[in-house]
Structures are given as C-alpha cells and as structure tokens.
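Here's the letter readout for the chains.
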Amino acid sequence: MIIAHRKPLEEIVEMLGQLNPVLVLGCGGCTSICLAGGQREAEQLAADLREDYGNRGGQLEVNTYTIERQCNADFFADIDRLAGDYQAIVSTACGAGVQFVAERYPRLPVLPALNTDFVGFDKDVGWYEENCRTCGDCVLGETGGICPVTRCAKSLFNGPCGGTRADGTCEVDPDIPCAWFEIHKRLREQGRLELITRVRPAREWQNQIRRTVIQEPYRERYGK
Amino acid sequence: MAAAQQATVDTGKVKDLLAAHRAEMKRYLSHCMHCTLCAESCFLFMARDKDPRYMPSYKVLNSLGVLYRRRGRVERSFLEKIKKIVWRNCVLCRRCYCPVGVDIPRMIALARAVCRSQGVYPDFDEQGHQESWL
Amino acid sequence: MEEFIRGPLVWIAFAVFFAGLLLQGWLFFRNTSPRQRRRLAVPEPKKKKPQKDKKTPLTPAALYAWLVNGSSACYQRHWPRLRRTVLFTHPFMTVVTVVFHTFLFAAPLLARAHNELLRRGLGAGLPSLADAAVDAMTLVVLLCGAIFLWRRLLVRRVRAITTFYDYLVLAITLAPFVTGFMAAHHWLDYHTVILVHIGCGELMLMAIPFTKLGHMIYFFLYRFLLPGEYSFGQGSRAW
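Protein chains in written order, with this note's numbering: chain A, 1 to 224; chain B, 225 to 358; chain C, 359 to 597.
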C-alpha cells in the first residue's frame, strides 16, 4: 500500500495564498488506510485551516468531500458537479491522485496536502515500513525476500559493499541493519547461499521515464 | 464517534445525493434481473465459501437499493448496517461482471458517498480493525 | 370487456410498447452525454488502424496457415477474457438464457396464427413455421422458465435476492406462452383461453418498457454505448 503523511500546515497555507474558497478532497483509498488522507483526516485538515485563518484574522471558506479513490475516473461524478464552486482543490491523496485530479480539472489549482512516502506494509496501526521502491525489476526471489534496492543504502544489486560493520549494521547508520548481511543470513537459513554469488547486471538508474503497464490480454483493446 | 452515532441523519443531504444520480441509478436498479450471474466475478464471494451475502447484486440491492426504495429516509443504525456491506463486504475492486451491463461499482461508490455524507465511514485505527476491515 | 381486449387494447398495447421503448431510448440519450466522456482525465485510447496485408494467392497451404494461425491468435487474444465471462462460469445458465431469449422472440413472431392475424389486419405478415415447430419452441421457453423458477425457489444465492416482483415478472413473461399453447391445442374452453391469451400478451407488451423487462432495450444500450471493462467496443457515452 502507498504510505503518505501530511505536510506541515504552514506549507499548505503558503500554497493556498489568496485562493478562497477551497475544497479539501479526501481519498478513500491508500491514504485513508494509512491514516493520512481519509475523510477524517480531510475534515481535520479543513478544521485546522479554518482555525489557522481565523487566528490570523482572516476567513477561509473550506468544505470537504471524500471520494473512494482519486486515481480512477469512475469516482469523480460528484466532484465534477462541485469543482466549479471552488478556486482550488487541496487533495489528500498520494502524488498519483493529486495529478489525476489536476489533469481532470486543468483550470483549477490542485494542491497536495500530503507528502507521498513509499510503498510499504503496516507494522502496526499508524506505523509503516518501506519495502518496495517499485523499481520494476524484482530480485526478491534471489535475495531471500529482502529487497536490496529498498533496504541497502546504496541500492546495490550485488552486495554487500565494504561498508558492513562487524555487527552486521550499515556504515551509513549503526541502527540500520546491512541489507546484504540480512540477505546472507536468510539465504544460509534456507540452504540457498549459492544464490548470493550470482551476479546481477547493474541497474540503469538514470534517465527514468514515466512507465506504463498494459496487461497482455488488454493490448488489443488499447491498440498497443 | 459516540456523539456522531447519536446524531440524527440529515435526510436532505441524503436525498440530494440520491437525486443527483437518480436517472442512472434507478435505471440500473430496475434492470437488475436478480439472476446472480455476477456472483462468481467477486473474489470475496469466491473466498467466503460462496456466501450469497457477498454477491455483488446482494450488496447493491441491500444498500443502495434500500436507500432509493426508502427515498433516503433512513436511520443512522441503517447506515451503520450498510457500512458493513459497502466497506467490509466490498473492496470496490471494480471487477464485477453483470451480463446485462449494470455498473455495480458505481452503485457501491454512491452508497459509500451517502454514508460518508453522514459521517459514517470506516476508522482504520479502531480497535481490532485488522479483523473487521482488512 | 371482451370486445375491448380483442379490439382497442391490442392497439393500445402495441402503442404503449413501441412508445415506451422510444421513451426509454430517448431518456437514455438525454441522460448520457458524450461531452462528459471527453472530460475524463485519462484520454481515450487511440485505435491503431490495422495494416492491410498484401494479398496472397489462395492456395490450400495458405488457407491452412490462415486457419491455424488465425484461430490460434484468436484463441490467445480472447481466451483470457472470455474465460471469466458467464459463458464459462455458468455454461448451463448461458445456454438456457440464450435459448430462452431466442425462442421467446421466435415462437410468437413465427406462429402461424399470429401471422394470419397480421395478414388480415395489416395485409402483410412474417413467414410462419410449422405448428409443431412453434409448439416445440413454446415448450422449450416454458422449460427454461421452469428452470428460472426452480432457481428462484431452491438455489440459495438466487433466493437471497428474490422478491415477489421477480415472480410477478416471470409470470407476466410466461403467461402468454402457457395460454398460447393451451389455445393452440384447444385445451379447456377455447373462447375463454384465447381471450386470456390475448390479455396476457397485451399485459406483457405494456410491461416491457416499464419493468425490468426493459433490459430488452437497455441490454444493448448498456453493453454497446456505455464505456466499461466488459462493453462491446469502446462505448462513447457516460452517465
């Protein structure tokens, strides 16, 4: 799931500038599950904005509406009706959702209320860990289910580097376990240690362009 | 949540939402043949021992269908009930298949919007949420 | 009363039927607009024009290759999606419904007595089938109807969403076929049965546009004109 957290209120206020009235658009998808941008958080943000403007002697007309997902056109019917009444939309979706809204209402400033952090899992309620950089070239099958791209500070496909400390932590931070040390441990437990000697071609990290996925059975449908 | 639960339902708001989509939704509801052929397209139906309560048509008829039948005049306890149907029993993956062509996901989404308009929506940090919602 | 059912109500029923279908079609086109679709954030996919192959001489070998390659390409392209449709999840019900709907139209349209009436009334009618064939079709429709009824009554998941209205609509649909069969074979009092048959037919015609039998027209509108994962073609209208 996509994990995000709310931007500092001052930053959102600065983005808004003189824009008034404003619609805070909540998202019922990932950001509501990670407690960053669901209906409750959107309403909280609206209340915070109202209070902030009030404290400075101003007044911000702000309403909230939450749709089930901001990354799919199917859920925008109500916003299509409402959007015209506002000067700006503050979206509490992930970066993809914000761009989707901005593309749908190109004349309206659409502002992000969140910083989108990563794809990760729930450690506990309100506690999330990054686990996937969506690099598009998964090596987990050879690395004992530990992602070196996410968990190695250098994102090495072939590790470890020379920076592993004696206690198995990373030279970057003594609190971070060295990903390749962990991979070594895991593979040894599984009796598949020979996998660590396999050389994987280095990944081309530069010049990343926007990626598109069209599943095989749908190629025909979209003429690709 | 306790205060919200005691609050009454703003029927006007519910009616407005229902009215905004009436042409589309009433037609879909009246053309559901109650044939149950949509059932197998729902992964939750398949994963829950083919329990009829997970059929897409069952979920729509018992949430949005009742909202339109009662013309939006519903109690909060009813919204709490359909909250379970439209959030816990449906993840809105939009994969349901209706032979006639009824757009089931949009109907679920509208039922959710009606609940949301009255402050009824899942709390993802409530106690035991893993068990009840995910 | 009898005169009314045999006379004016026939015309009223046909008028309501056709006017109702037109009304429903008009309502659909009024409530959906392609302009809305153009506002979608994700642009519609552009269809590539298929390249025309150079004509190859039609030899047996070329024909064989065309058949084999064509069918395998067709299979690979459509199988993954086809597999998930009701044709494969419910093959029995698919056959039952297809047969039911085919004969539902064929039996009354091709019945000799109906076409005789049409010729007398309008001077023209459709070609008719032998009585035995129409009888067989009618029985098949009734058999399929019985299967629907059996599902409503005994299959757990169907029962879970069945209401009185479902039985009513099923009865409205099947009544003309039951009475028609009875009339054709002069069971009971012919005079009464034919009157009931005409009345049931008129009731069904008038019910089609305004009940869930409206899927007669809306099936095509939904399936061909609204964009969706399972629509035929791209669909050009939005709600």
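Where hints are given, some of them may not hold.
Stated by the list, open to error - Pairs of lysine-lysine residues, derived as DSBU-like cross-links and limited to a Cα-Cα distance of at most 35 Å, are as follows:
| hint | chain 1 | residue 1 | chain 2 | residue 2 |
| --- | --- | --- | --- | --- |
| 1 | B | Lys274 | C | Lys570 |
| 2 | A | Lys123 | A | Lys7 |
| 3 | B | Lys308 | C | Lys570 |
| 4 | B | Lys274 | A | Lys7 |
| 5 | B | Lys308 | B | Lys250 |
| 6 | B | Lys250 | A | Lys123 |
| 7 | A | Lys123 | B | Lys274 |
| 8 | B | Lys307 | B | Lys274 |
| 9 | B | Lys307 | C | Lys570 |
| 10 | C | Lys570 | B | Lys305 |
| 11 | A | Lys7 | B | Lys237 |
| 12 | C | Lys570 | B | Lys237 |
| 13 | A | Lys123 | B | Lys307 |
Treat the hints as calculated values from the structure; they're not laboratory data.
Going down the list of hints, with the structure as the test:
1. A threshold of 35 Å between alpha carbons decides the hint, and for lysine 274(B) with lysine 570(C) the separation of about 26 Å falls inside it, so the pair holds.
2. The hinted pair formed by lysine 123(A) and lysine 7(A) meets the criterion: a straight-line CA distance of about 22 Å does not exceed 35 Å.
3. For a cut-off of 35 Å, the pair hint linking lysine 308(B) to lysine 570(C) stands: about 28 Å separates their Cα positions.
4. A threshold of 35 Å between alpha carbons decides the hint, and for lysine 274(B) with lysine 7(A) the separation of about 44 Å lies outside it, so the pair is violated.
5. Pair hint lysine 308(B) plus lysine 250(B) holds up; C-alpha atoms about 22 Å apart against a cutoff of 35 Å.
6. Of the pairs offered as hints, the one joining lysine 250(B) and lysine 123(A) is violated, with about 43 Å between alpha carbons and a cut-off of 35 Å exceeded.
7. Between the alpha carbons of lysine 123(A) and lysine 274(B) the distance comes to roughly 31 Å, so the proposed pair stays at or under 35 Å and holds.
8. Distance restraint check for lysine 307(B) and lysine 274(B): the Cα-Cα separation of roughly 21 Å lies within the 35 Å cut-off, and the hinted pair is therefore satisfied.
9. Taking the CA atoms of lysine 307(B) and lysine 570(C), the gap is about 27 Å. The hint holds against a cut of 35 Å.
10. For the hint pairing lysine 570(C) with lysine 305(B), the CA-to-CA distance comes to about 27 Å; that is within 35 Å, so the pair holds.
11. Simply put, lysine 7(A) and lysine 237(B) have alpha-carbon atoms about 31 Å apart, close enough for the 35 Å limit, and the pair holds.
12. Restraint check for lysine 570(C) and lysine 237(B): satisfied, since their Cα atoms lie roughly 29 Å apart, inside the 35 Å limit.
13. For the hint linking lysine 123(A) to lysine 307(B), the alpha-carbon distance of about 26 Å falls within 35 Å, and the restraint holds.
Violated hints, in rising order: 4, 6; the structure is consistent with all others.
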